[in-house]
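Novice: Sequence:
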Amino acid sequence: MRVVVVGAGTTGAMACGLIASLRPDWDVVNVRSKDIPIVGVGESTTPIFVKALRDMGLIQKFIDNRLCWPKYGVKFVDWHDKQFYGGWAINNFEEETITYLYGLTKGERIGRLDQRIDEGLVPYDKDNNKFFSVIGLHIDANETSKFIFEEFKDKITTVYGTVVGLVRNEEKLLTINVDGQVIEADLWIDCTGFSRKLISTFMPEFVPSNLPVNAAAFIPIVPNKKDMDFWTTARAGNAGWMWNIPFENRSGTGYVYNKDFLDKNEAAEELANFANQDSAQVGHFEFTGGWLKEPWTSNIVSMGLAAGFLDALDASSLHVTVRQVYNFLGNNREKYNELTTYDFQRLLDYISIYYKTCKIDSEFWNSIEQIKEEELVQMFKDAFLREGWNSYDLSGFTNSITARIITNRVDISKDVAYEILKTIPFEETKFAIDKYNKVKDKYVPFTYDLFKSHVMDMSQAWDNR
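Just so it is clear: in the sequence shown, position 380 is 608 by the working numbering, and no numbers are missing.
Treat the hints with caution; some may be incorrect.
To be verified - Subject to a maximum C-alpha distance of 30 angstroms in a straight line, what follows is the list of computed DSSO-like cross-link-like pairs (lysine-lysine):
| id | residue 1 | residue 2 |
| --- | --- | --- |
| 1 | K680 | K334 |
| 2 | K289 | K383 |
| 3 | K289 | K310 |
| 4 | K400 | K383 |
To be verified - Derived Cβ-Cβ restraints for the label pairs, each shown as a range:
| id | residue 1 | residue 2 | range |
| --- | --- | --- | --- |
| 5 | P451 | R344 | 22 to 28 angstroms |
| 6 | V395 | K521 | 21 to 27 angstroms |
| 7 | M607 | R396 | 43 to 49 angstroms |
| 8 | E371 | E655 | 46 to 52 angstroms |
| 9 | E514 | K310 | 29 to 35 angstroms |
| 10 | A508 | N560 | 48 to 54 angstroms |
| 11 | N493 | K310 | 28 to 34 angstroms |
| 12 | V305 | Q509 | 19 to 25 angstroms |
| 13 | K609 | E398 | 45 to 51 angstroms |
| 14 | N493 | Q688 | 31 to 37 angstroms |
| 15 | K400 | F654 | 55 to 61 angstroms |
| 16 | D506 | K668 | 41 to 47 angstroms |
Honestly, the hints are just simulated from the structure, not real lab data.
Computed from a predicted model, the values in this text were never measured in an experiment.
C-beta: ideal position from N, C-alpha, C; glycine also.
My request is simple: use the sequences and hints to build the entire structure.
Specialist: Below you can see the structure in the form of structure tokens.
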């Protein structure tokens, strides 16, 4: 099987690295242009990224080379009157939700990883040499792509150049022309971002997301004196939200907004003030949120932005990208399309809640219809009174965080919490609470060596999932 991956960004690198690692019998070719710039920003990842690095055999070298910085969750600022910490679950999503429901029946909000992270403390039970949460990574998109391509330079064939022509028949893409060189493939992977250089030749149907954002401003990674920040920060702005991705003494920032309410100059100024940087450094791009109904069409598989994009909120974009590579390797075309659509639809429902519960008073935010309190209470019930609420996938993640978004906006009564809790076997509830109580206050000061141990511990844990 000859597979040609077109694209040099994070998606292209992940696709090449994972396909070459998990299907060494395939001939993998990467086509990348030196003329097309890559948006050099920080990226916030989820634990599946650690699994991907492990499967490529790169995790130890990646952290030894200090190519990443810890992420213990997302801190949401100014969305409501209360700051919201979307920290990683203590123990796991199922047990965390059980303890949270139990706390609500007592009028308490039992935390995930919380503001102690702001104090430079990280979750570790030193008495038992045990970490009790997962961990994510903050990465430099450019450095990560270069690192992966360099590590796989002897396992894949690299063609430098720009795609200047394509030849297809009614059934499939036959060849591409890369600066005069004709390239053939059995299967094509389109990682060309919003341009959708390959998949657009078959014009698959596009499903719009209708999220209220359509543009982004960004500042490339720059020096930053703050060196003990372990959260991705998502701060609500006048017409969208701004992110900060911290690294060791550096940071990357951006602003996802609606260009109908804010022009480029206004967005640049607001972002520059947030990041304490010069607005002249700000770059821009526009997008239409949504996804392809059939991201695998004919013999072309689109991944990353080429498959679709909703929002960068909660590291959802890179998360679904990595899932797409795994879903491609493990499934046929029909199943790949089904799973990709499921991911986008599930995330759309989830991300919409952030926008529909924000209480900022501005023209943009006032244009978004808010979810009524009684509807939020019903959504809280629905999240857990259905099959699969405790699964370790997008449902488990989004249900867990959805509960906290909602209870940050409305008070969930003890009766509602008990109504859900009583559907869970008592033994499971007791086990979860006992386990939580053993570790809830066990935090220690951060060191990079401890971070490395945490990443490697979680890397090994993927074998049991």
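Novice: Each hint should be assessed against the structure and marked as holding or not.
Specialist: Going down the list of hints, with the structure as the test:
1. K680 to K334: violated, 37 angstroms
2. K289 to K383: holds, 17 angstroms
3. K289 to K310: violated, 40 angstroms
4. K400 to K383: At roughly 27 angstroms apart (the allowed maximum being 30 angstroms), K383 and K400 satisfy the hint.
5. P451 to R344: 22 to 28 angstroms: Holds - the Cβ-Cβ distance for P451 and R344, about 27 angstroms, lies within 22 to 28 angstroms.
6. V395 to K521: 21 to 27 angstroms: holds, 25 angstroms
7. M607 to R396: 43 to 49 angstroms: holds, 45 angstroms
8. E371 to E655: 46 to 52 angstroms: With Cβ atoms ~47 angstroms apart, the hint holds.
9. E514 to K310: 29 to 35 angstroms: Holds - the Cβ-Cβ distance for E514 and K310, about 33 angstroms, lies within 29 to 35 angstroms.
10. A508 to N560: 48 to 54 angstroms: This hint holds: roughly 49 angstroms between Cβ atoms.
11. N493 to K310: 28 to 34 angstroms: holds, 32 angstroms
12. V305 to Q509: 19 to 25 angstroms: Given a distance of about 22 angstroms, which is inside 19 to 25 angstroms, the answer is holds.
13. K609 to E398: 45 to 51 angstroms: For K609 and E398 the Cβ distance comes to about 50 angstroms; the hint holds.
14. N493 to Q688: 31 to 37 angstroms: Violated - the Cβ-Cβ distance for N493 and Q688, about 49 angstroms, lies outside 31 to 37 angstroms.
15. K400 to F654: 55 to 61 angstroms: holds, 57 angstroms
16. D506 to K668: 41 to 47 angstroms: holds, 43 angstroms
In terms of the numbered hints stated before, the structure departs from hints 1, 3 and 14, listed from lowest to highest.
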